[in-house]
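Student: Okay, here's what each chain looks like letter by letter:
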Amino acid sequence: MVEKGTWTVKKGLAEMLKGGVIMDVTTPEQARIAEAAGACAVMALERVPADIRAAGGIARMADPTVIQRIMDAVTIPVMAKVRIGHFVEAQILEALGVDYIDESEVLTPADEQYHINKHLFKVPFVCGARNLGEALRRIAEGAAMIRTKGEPGTGNVVEAVRHMRMVNEGIRRVQAAPREELVALAREMGAPYELVLQVAELGRLPVVNFAAGGIATPADAALMMQLGCDGIFVGSGIFKSKNPEARAKAIVTATTHYNDPQILAEISCDLGEAMRGLEISTIPDHERMQERGW
Amino acid sequence: MVVVTVGILALQGAFLEHARSVAACGGRPVEIRKPEQLDDCRALIIPGGESTAIGKLMDQFGLFDAVRRFGADGRPIFGTCAGMVLLAREIEGLQQPRLGLMNIAVKRNAFGRQVDSFEADIYVPVLGEAPVRGVFIRAPYVTAVGRGVETLASFDGKVVLVRQGRLLAGAFHPELTADTRLHRYFLSFLDE
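Chains as they are written, first to last, in this note's numbering: chain H, 9 to 302; chain F, 32 to 223.
Extracted from the complex, chain F is given alone in its bound form (with noise of 0.2 Å):
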């Protein structure tokens, strides 16, 4: 079996959590922290942590066009909370940097601040009957849904989980929890 390296950023935020969930699907995990890091990555991730950060370093160092790029290739992107806000074409109100590649628009903080951060359990159909612990902290969720995106996910009527071809993007954290299911269903993109 040939081990697929996938790229996570690792600019700011929980990215050890997810280069161990990648690890644990027999993946191997790169950090990314410049752009010419990504050329030996079949997919990459970009992880929870405060995207006014991430974007702020990923624009320092040109990894806006560099991930865009990546994703024009048709290599799949999988983001978690800040990374979901990342890959959002439309912020609520914020006008900060983004790489705008899935046709979603998304609320920061929508929950809530931490005092309303929470767990539940999430049906996730693509993944089997069993729910996935959904871990929610300041997390945003998805308010529109464009052409070519499908919603994976809701949770108490909101949008928290969706797809548009190659791309992932969910709310909370499958990476702080020993499921690795999302993970695996991400990494399958590669064999479609």
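Chain H on its own, in the form it takes in the complex (with noise of 0.2 Å):
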């Protein structure tokens, strides 16, 4: 009997995704320049968040038709975002054929109480975090791939680290608990406790985990990878940096070879300026795009 949809074939893409860098971009050259520099994947955008917060207002999904042009300019898998609990967005993507849907607070939400029942959709999703609970709550409505929320458009990766060290100290707290313990621990995380059994049997999420918001240099990457995520996205920090194709393409080299100093050396030399980053507490607490979700 042949099966699409099944669990086994949403997580299993985000497998293949695992040790590669997704990137946003805006348009077809873009997402060739991508390709090109070894992106496992790319993020349909009409803005990056750096513009997106710039520009203020409403948020929404892109306009199908940059997200089907981006689609047929490249092979590789095309990824989008929709607002938080917009189900039609979702749908809308569906039915266009994107490859993997983030449900994303980069987004203005469309739904301040609840997500996306990711469950009726063939195509995966991935959602952002910033502890085990939220990334659990996550995967319990349907979502196949996890990523820290970080800060978007900032270009300070500060964020990303305090969340995916708050996801591995969860993970550490739930494997050192006895089993009895567990039941309580899920309810103060807000987690169902299958899940939360699973991460103790596990010592891990049980889908993979990307690091998303303020990456901007190789080295932020290879600090990611070593802090235990499986890849990066990186949103405004290639095409907002001076020469985005050496930038692409070293960061590519980076989330490879994260361990290798003597490889990281070399290809962070000669990338040009860097995006110009934003220091967290400038932002007014309103416009923190990680309290965006619960």
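Derived DEER-like restraints, expressed as beta-carbon distance ranges:
| id | chain 1 | residue 1 | chain 2 | residue 2 | range |
| --- | --- | --- | --- | --- | --- |
| 1 | F | Thr182 | H | Ala103 | 35 to 45 Å |
| 2 | H | Thr14 | F | Val176 | 26 to 36 Å |
| 3 | F | Gly143 | H | Ile288 | 36 to 46 Å |
To be clear, the hints were calculated from the coordinates, so they are not data collected in a lab. All C-beta atoms in this analysis are idealised placements derived from N, C-alpha and C, irrespective of residue type, glycine included.
Make one complex out of these two single chains by using the hints.
Tutor: Shown next as structure tokens:
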């Protein structure tokens, strides 16, 4: 019997993306640059997070024309973003045939209470998380891949590091706890007990976990990999820098050779200026994207 | 019993799953990111992932030549999905870098995009009567089989598993299942 859209197949594509870099692109030309640099997938957007942040207003799913053109331009998987809770935007992207949907805090949430029931879709979803409980809530809703939220569009890696460490700390707590404490721990984390149990047995998240939100240099990418993530999303970091081709290629190499400082030193040379960064404390609370979703 | 060291090309993709399968077969998996790491390996697996990304990273550190030499030595190589694409001599409509070790033509993303990715039972006579659960993810298939290549399995009229001497290539992902028969079959090339 042939079965499409199974959990194995949804989770499986994320497994294939591991050790790779997923790059935000806004045009077919950028998508081709990303593919040529060795990106394992691209995220099709109308604007990169830094520009969304600068523009203000309501950020929505991209125009399907933009996404379709990018899908036609490259052979690697194409992802696209929908607003948190906006299941109709997700239906549209599934009809379009995108390979992965990011239910993303980078866009303005459509629902302040509920995320999308992702089990209803054949297309797999990735969601952001700041800690283990949030990651497991998204997985319970059907997310087949998780990424740290970080603070998108800042070029500042500090929040991605914080979120990765919080997920790791949660995993260590679950692993160290005796079995009889897991129900209480699940309640405290706001996560389903069955998934907490899986984490205790696996010693990691039950799905692939990428780093996202503020990665701007090869060293940032390698840092996140050494902290234990499975791969890297780069949003504004590439096409907001002086030399996107060179930077994209260097971040790809850094994500593979993250444990080899000699190689990291070589590829970090002469990349031109990185994107201009943003100090997190200068962002007003209501403009912090990571606070979106729960 | 001598434990066999099996290299897993670990540039990008599902290399950890292959390492797990190799370990389950009693082998010793070793991650390969640089040419010199191949020296101690008796066999090599090229995992699924994105063939363009893996190709780029192979090129950067001289792994194309190293793996071609590895194959020329008669050491077994098994490619799954992207690994099959990289082993092929011809990739339909695309000029991307490849090893070109196997006399096959392949088509990338041949079953469609992710919404068309699927699981199905695949009959592989060399593995016995029970089917293999084939997991196909944006999978390629073989469009032409040249001299010296044996077709081991087809699905829906499309060739999805081939062998040429000590080279093995499959369109699906046995490493995402608990079934280790295909990995065992591959490692048995060492005894032939």
